[in-house]
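A.B. asks: One-letter residues, chain by chain:
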Amino acid sequence: MKDPAPADDGETRPKRARKPVGWSMIFIGVLVAVCVALVWRRDGIDGVLNILTHDLFLFGEILPRVLAGCLLGAFIAEILPHEKVSRALGPTSGLKGLLIGTAFGAILPGGPFTAYPVAAALLTVGADFGATIAMVVSWTLIGYGRAVAWELPILGVDFTLWRIVISLPIPVLAGALGRFVYVRVYPKGEPS
Amino acid sequence: MNFSALIIDITLWGSVAVLGFMAWQRGRVVLVSSVREGSMDFINIMPRIALGVIGSGYIAAVIPPEVITGWLGPDSGWLGVLTAVIAGAATPGGPVVGFSIGAVAMKVGGGPPQVVAYVVAWALFAFQRMILWEIPFMPARFVWFRAAVSLPFPFLAAAIAMAIGKP
Numbered sequence: 001m002k003d004p005a006p007a008d009d010g011e012t013r014p015k016r017a018r019k020p021v022g023w024s025m026i027f028i029g030v031l032v033a034v035c036v037a038l039v040w041r042r043d044g045i046d047g048v049l050n051i052l053t054h055d056l057f058l059f060g061e062i063l064p065r066v067l068a069g070c071l072l073g074a075f076i077a078e079i080l081p082h083e084k085v086s087r088a089l090g091p092t093s094g095l096k097g098l099l100i101g102t103a104f105g106a107i108l109p110g111g112p113f114t115a116y117p118v119a120a121a122l123l124t125v126g127a128d129f130g131a132t133i134a135m136v137v138s139w140t141l142i143g144y145g146r147a148v149a150w151e152l153p154i155l156g157v158d159f160t161l162w163r164i165v166i167s168l169p170i171p172v173l174a175g176a177l178g179r180f181v182y183v184r185v186y187p188k189g190e191p192s
Numbered sequence: 193m194n195f196s197a198l199i200i201d202i203t204l205w206g207s208v209a210v211l212g213f214m215a216w217q218r219g220r221v222v223l224v225s226s227v228r229e230g231s232m233d234f235i236n237i238m239p240r241i242a243l244g245v246i247g248s249g250y251i252a253a254v255i256p257p258e259v260i261t262g263w264l265g266p267d268s269g270w271l272g273v274l275t276a277v278i279a280g281a282a283t284p285g286g287p288v289v290g291f292s293i294g295a296v297a298m299k300v301g302g303g304p305p306q307v308v309a310y311v312v313a314w315a316l317f318a319f320q321r322m323i324l325w326e327i328p329f330m331p332a333r334f335v336w337f338r339a340a341v342s343l344p345f346p347f348l349a350a351a352i353a354m355a356i357g358k359p
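First to last, the sequence lines map onto chains H and F.
If you count the first sequence from 1, position 104 lands on 104 in our numbering, and the numbers rise without skipping.
If you count the second sequence from 1, position 137 lands on 329 in our numbering, and the numbers rise without skipping.
In case anyone wonders, no lab produced these hints; they're calculated from the structure.
The C-beta atom is built at its ideal place from N, Cα and C for all residues, glycine as well.
Please note that the accuracy of each hint is not assured.
Computed footprint of chain H on chain F; a stretch qualifies when at least three of its residues, placed anywhere within it, have a C-beta under 8 angstroms from a C-beta of chain H [to be verified]: (1) 204-217; (2) 228-237; (3) 268-282.
Computed beta-carbon distance windows for the label pairs [said to hold, decoys possible]: (4) F:ALA209 <-> H:GLY156: 32 to 40 angstroms; (5) H:THR53 <-> F:VAL222: 36 to 44 angstroms; (6) H:HIS54 <-> F:VAL296: 20 to 28 angstroms; (7) F:ARG228 <-> H:GLU190: 22 to 30 angstroms; (8) F:GLY206 <-> H:GLY44: 39 to 47 angstroms; (9) H:ASP158 <-> F:LEU271: 19 to 27 angstroms; (10) F:LYS299 <-> H:ASP43: 24 to 32 angstroms.
Let the hints inform the model, and build the full structure from the sequences given.
C.D. replies: Encoded structure:
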């Protein structure tokens with residue numbers, strides 16, 4: 001990963017690596033192109049334009065939230081003391097680190113536009129894959145926001161509560177599995 | 193804009209303000225450099241989000257909803273769990289769509305363990321959330337790693353649901 005913004009010299013803090021255009025984006029681009037072609041064959045140019053205008057509106061709606069998420073991530077990367085984060089959430093943080101990650105994911109407010117920038121910021125300030133996996137998985141599975149707003153009214157109290165109880169161990173287990181696999185896939189640490 | 197969107201935006205920008213204030217307390221330079229850092233991230237991420245939003249609209253348009261509900265049929269065994277997991281990952285749209293499909297499956301006789309597997313798989317792998325949010329914001333290596341180690345867990349959730357006989 002390269003950093004195209006070498007503006008601040010004399011900075012001792014690790015700079016956040018900007019994401020290059022990787023295979024993931026190329027894969028998504030190809031997939032999207034195929035789907036556009038399918039829609040065009042099925043519904044003609046009108047179908048393609050309909051979806052485009054709808055999605056452009058959606059894009060305009062979420063852009064401010066994306067900006068807020070990026071700012072949150074940047075502030076967190078700046079404010080959090082790196083030694084403490086790597087002690088609490090780093091590779092040697094053990095079960096406690098996974099539990100902290102899980103608890104943090106469960107109480108984190110907002111939506112994907114907060115969860116993922118914050119998770120990315122934690123990675124840059126010293127959290128390992130395991131604790132970050134625990135946090136992200138906990139946010140999607142036992143985060144209260146989505147459960148209260150959507151799952152309870154649609155699927156009912158009984159289902160939702162049991163689904164959450166069943167899901168409770170998953171973030172810690174996923175984080176532990178992540179650590180177990182990580183040290184075997186990257187015995188010398190993450191390649192760059 | 194509806195009420196819940198308003199609450200989300202207030203908490204979101206409220207948190208930005210609080211953290212921004214904390215950064216400012218460490219000095220103006222800290223605030224300015226982190227705002228610049230965040231804006232650079234924003235500019236960098238914007239094209240990815242654009243591709244994600246616009247692209248997932250087209251992907252959703254070629255996945256007919258009947259296919260998803262068909263995969264979530266009344267098959268009560270492990271095959272039913274497997275198709276529920278695939279259906280969860282392939283479900284387009286936000287939480288309303290995902291949970292509504294689960295509710296429909298329950299009504300037409302889908303087993304609770306299969307619906308649990310569906311909801312858990314949707315939470316872990318829904319393609320739209322991964323394309324639109326996780327891949328743009330997180331290192332690609334992390335996203336694939338996270339998805340790979342999450343694979344066993346919808347099945348584990350279904351197994352627990354079968355074992356305890358709930359919900």
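A.B. asks: Take the hints in turn and mark each one as holding or not.
C.D. replies: Here is what the structure says about each hint:
| no. | hint | verdict |
| --- | --- | --- |
| 1 | 204-217 | holds (count 8) |
| 2 | 228-237 | holds (count 8) |
| 3 | 268-282 | violated (count 0) |
| 4 | F:ALA209 <-> H:GLY156: 32 to 40 angstroms | holds, 37 angstroms |
| 5 | H:THR53 <-> F:VAL222: 36 to 44 angstroms | holds, 42 angstroms |
| 6 | H:HIS54 <-> F:VAL296: 20 to 28 angstroms | holds, 24 angstroms |
| 7 | F:ARG228 <-> H:GLU190: 22 to 30 angstroms | holds, 26 angstroms |
| 8 | F:GLY206 <-> H:GLY44: 39 to 47 angstroms | holds, 46 angstroms |
| 9 | H:ASP158 <-> F:LEU271: 19 to 27 angstroms | holds, 26 angstroms |
| 10 | F:LYS299 <-> H:ASP43: 24 to 32 angstroms | holds, 31 angstroms |
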